[in-house]
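Q: Sequence:
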Amino acid sequence: MTEQSEKTRTAIVTGAARGIGAAVARRLAADGMAVAVLDLDESACGAVVEEITAARGRALAVGVDVSDEAAVEAAVTRVANELGSPTVLVNNAGIIRDDMLFKMSADNWDAVMNVHLRGAFLMTRATQRYMTEEKYGRIVNLSSTSALGNRGQANYSAAKAGLQGFTKTVAIELGKFGVTTNAIAPGFIATDMTRATAERMGVTFEQFLEGAAKQIPVGRAGQPEDIAATASFLCREEAGFVSGQVIYVAGGPTC
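First residue of the sequence shown: 100, per the working numbering; consecutive thereafter.
Rather than coming from a laboratory, the hints here were simulated on the basis of the structure.
One thing to keep in mind: the hints can contain errors.
[As the list claims (entries may be wrong)] Mimicking EDC-like on lysine to aspartate or glutamate, the simulated pairs with C-alpha atoms at most 20 Å apart in a straight line are:
| hint | residue 1 | residue 2 |
| --- | --- | --- |
| 1 | Lys234 | Glu336 |
| 2 | Lys106 | Glu337 |
| 3 | Lys234 | Glu272 |
[What the hints assert, rightly or not] Have a look at the derived ranges for each label pair, beta carbon to beta carbon:
| hint | residue 1 | residue 2 | range |
| --- | --- | --- | --- |
| 4 | Arg155 | Gly318 | 18 to 24 Å |
| 5 | Gly248 | Arg294 | 22 to 28 Å |
| 6 | Gly301 | Glu272 | 42 to 48 Å |
| 7 | Met292 | Lys313 | 17 to 23 Å |
| 8 | Val302 | Glu181 | 40 to 46 Å |
| 9 | Arg294 | Thr152 | 24 to 30 Å |
| 10 | Ala170 | Gly145 | 17 to 23 Å |
| 11 | Phe340 | Gly318 | 31 to 37 Å |
In this text, all values refer to a predicted model and were calculated from it rather than measured experimentally.
From the three backbone atoms N, C-alpha and C, an ideal C-beta is built for every residue, glycine too.
Whenever a hint applies, use it, and build me the whole structure from the sequences.
A: Below you can see the structure in the form of structure tokens.
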């Protein structure tokens with residue numbers, strides 16, 4: 100075993116208080132990493148941190164607005180000081196402000212862009228210095244099948260498509276330092292976010308899941324753990340020749 104593979108890696112997962120982010124944080128901890136659980140509300144991260152520590156893992160809750168440059172720098176510095184240099188980053192933080200284009204406000208456009216795109220940029224810029232110093236890094240950005248276009252989500256779709264371009268560019272720039280950068284584009288995943296969509300549509304979550312499953316070739320809705328498993332692979336050392344890719348995890352082919 101090499102000295103590098105013996106080292107415990109420190110991972111940062113944003114938007115990790117619940118849903119996909121929480122599942123990714125738990126999975127990376129199970130893979131042996133120390134995990135910083137980041138979300139807007141630090142107290143909301145407590146349950147995930149407790150789960151990880153109860154399983155004898157190391158975790159740290161950090162509250163941060165990923166669209167705030169100074170807050171991001173402070174959060175990443177804290178993680179480095181308390182857990183170790185972060186060489187794994189999963190940019191999962193996101194919000195939705197869905198509306199048809201003619202009704203969408205500029206504020207709701209900016210809010211989505213700031214969290215998804217600006218947030219991923221700031222987090223990546225703040226952590227890459229640790230990765231390049233160690234000549235090792237794994238960056239995973241959460242995109243979406245909505246990047247291909249989705250009615251009522253001009254802001255979200257544009258942000259997720261932007262993340263794919265960002266992913267490929269960072270892969271080119273940081274590859275020579277041993278840093279890989281990839282994106283995961285989930286399809287329909289059963290989370291609090293999709294539950295909120297069902298409520299807006301006036302249907303029960305169960306009805307919403309059933310309707311979605313009928314449109315998915317594997318015949319079921321995705322679960323946060325499906326995305327966590329993909330992130331786990333991309334964050335491993337042996338995935339070092341996979342970079343600049345967008346992996347659609349959607350239960351079937353996408354077009």
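Q: Hint by hint, say whether it matches the structure.
A: Evaluation of the provided hints:
1. Lys234 <-> Glu336: holds, 12 Å
2. Lys106 <-> Glu337: holds, 14 Å
3. Lys234 <-> Glu272: holds, 13 Å
4. Arg155 <-> Gly318: 18 to 24 Å: Hint violated: Cβ distance 37 Å, outside 18 to 24 Å.
5. Gly248 <-> Arg294: 22 to 28 Å: holds, 23 Å
6. Gly301 <-> Glu272: 42 to 48 Å: holds, 46 Å
7. Met292 <-> Lys313: 17 to 23 Å: holds, 20 Å
8. Val302 <-> Glu181: 40 to 46 Å: holds, 44 Å
9. Arg294 <-> Thr152: 24 to 30 Å: holds, 28 Å
10. Ala170 <-> Gly145: 17 to 23 Å: At 19 Å between Cβs, range holds.
11. Phe340 <-> Gly318: 31 to 37 Å: Holds, since Phe340 and Gly318 (Cβ atoms, about 33 Å apart) stay within the stated range.
Checked against the numbered hints given earlier, this structure breaks only hint 4.
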